[in-house]
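Each protein sequence line maps, in turn, to chains A and B. Quick note on my numbering: the first sequence kicks off at 1 and runs consecutively. Quick note on my numbering: the second sequence kicks off at 1 and runs consecutively.
Hint data in this document are derived by calculation from the structure and do not stem from the laboratory. Hints may contain errors.
Here are the simulated SDA-like cross-link-like pairs (lysine to any residue), alpha carbons at most 20 Å apart as the crow flies [stated by the list, open to error]:
no.: 1; chain 1: A; residue 1: 139; chain 2: A; residue 2: 67
no.: 2; chain 1: B; residue 1: 40; chain 2: B; residue 2: 102
no.: 3; chain 1: A; residue 1: 139; chain 2: B; residue 2: 121
no.: 4; chain 1: A; residue 1: 139; chain 2: A; residue 2: 58
no.: 5; chain 1: B; residue 1: 40; chain 2: B; residue 2: 105
no.: 6; chain 1: A; residue 1: 139; chain 2: B; residue 2: 119
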Amino acid sequence: MTLTMERVTLPLAHFTLDVSFVTNGTSTALYGPSGAGKTTILELIAGLRQPSSGEIFLDGEPLVRRPARERRVGYVTQDDTLFPHLSVRNNVLYGATDSLERVAGVLEITHLLDRGIRHLSGGERKRVALARALVSAPKILLLDEPLTGVDTELRKRVLDYLVRVREEFPIPIVYVTHEIEEAMTLCDEVVRIDRGRVV
Amino acid sequence: MNEWQVVWFTVRVAALAALLILPPGLAVAWLLARRNWRGKSLVETLVALLLVIPPVATGLILLKLFGRRGPFGFLDIVFTWRAVVLAMMVMSFPLLVRAARVAFEEVNPRFEQIARTLGASGGRVFFTITLPLAARGITSGVLLAFARALGEFGATILVAGNIPGRTSTISLSIYNYVQLGRDEDAFRLLIIAVIIAFMAVWIAEFSLRRAEAKP
Chain A
1 MTLTMERVTL PLAHFTLDVS FVTNGTSTAL YGPSGAGKTT ILELIAGLRQ PSSGEIFLDG
61 EPLVRRPARE RRVGYVTQDD TLFPHLSVRN NVLYGATDSL ERVAGVLEIT HLLDRGIRHL
121 SGGERKRVAL ARALVSAPKI LLLDEPLTGV DTELRKRVLD YLVRVREEFP IPIVYVTHEI
181 EEAMTLCDEV VRIDRGRVV
Chain B
1 MNEWQVVWFT VRVAALAALL ILPPGLAVAW LLARRNWRGK SLVETLVALL LVIPPVATGL
61 ILLKLFGRRG PFGFLDIVFT WRAVVLAMMV MSFPLLVRAA RVAFEEVNPR FEQIARTLGA
121 SGGRVFFTIT LPLAARGITS GVLLAFARAL GEFGATILVA GNIPGRTSTI SLSIYNYVQL
181 GRDEDAFRLL IIAVIIAFMA VWIAEFSLRR AEAKP
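Required output: the full structure, derived from the provided sequences and hints.
Written as structure tokens, this is what we have:
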């Protein structure tokens, strides 16, 4: 699966995002300091923002004019964005087109399925958000700093789950991080972003 | 019509009015909260206007519109119970729209965006994400609209009259009793009206507080 960002531009508060890159690997890190425009790139791929110009291709297919709901992009945001009024099961099944059992098994959330979102720990929330994205059978998985707000001990465990996801599901991953160590552990390609540009 | 019949009639028509304004009220509130469109400020002003112009003036407009010679005269609703519902709907509409608009604005748009990336259509996002998350605020708005409808007087008397057994509501009956010097009857109805309205407003406030306590 190839993701191509072709001269994608979007004016932001302090600079204009202007990026071009091609990823061929199974997992690509967008690495750079906070406020560099990494999350915006994910939002552009997911269809939550429209670029001023340029095109995004996923395996040669243009995405920009396609609505978010047709892009089949699994987007896990920094703050999980789990639906607070739905149970874990209904969160995970919200966009379900793939088997819940397998995903729940890999991420070890089967015992959590009937719980309310408010009764989950930080690490559990991350896994549920990941499961929800995976069960929608995405063509690409976008992970926005999934280790944000996770303490050191839990960090290693969540990282293990991410490695497991990469091994179990043949879906290309775009992983946003500002820590090079994370980028190197999980990804086979690193794209460095600073002030809206690839550097 | 005895007092309890008047109370029961008023509660029924006020509840019906609050329910009937729900679909258009939610649509207007959602459009005001979530979309930018031409004419938005005009609609905002019109909705607010209903709160500030004298109810009798609104009643007069309704009478001109729905009277025999008006453009909607063919509906033949003036001086019937349907006119009572109409007056209550118009007068309580802004309260529902204001409450529902705030409720929609408080729903984090991020939830709706993520639902879309999971393949949900606009309708599904609205009914499964936006509406449930705004439900408490909307409930509060419906109850406030109901309470406002219960007390409706000015517009109702113009468009529905005060016909005992047909269009007489609590407010109209209180007015009638005072005119006839039956103060004791008027006070009895007043107390009932205050109790019902108090309960509606109290539940609305309670519902709103719970909505605010949500994460």
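A quick look at each hint next to the structure:
1. A:139 <-> A:67: The hint holds at about 15 Å.
2. B:40 <-> B:102: Between residue 40 (chain B) and residue 102 (chain B) the Cα gap is close to 16 Å, so the pair holds against 20 Å.
3. A:139 <-> B:121: Judged against 20 Å, a Cα distance of about 19 Å means the pair holds.
4. A:139 <-> A:58: holds, 9 Å
5. B:40 <-> B:105: holds, 15 Å
6. A:139 <-> B:119: Distance of about 12 Å is within 20 Å: holds.
Taken one by one, the earlier hints all hold for this structure without exception.
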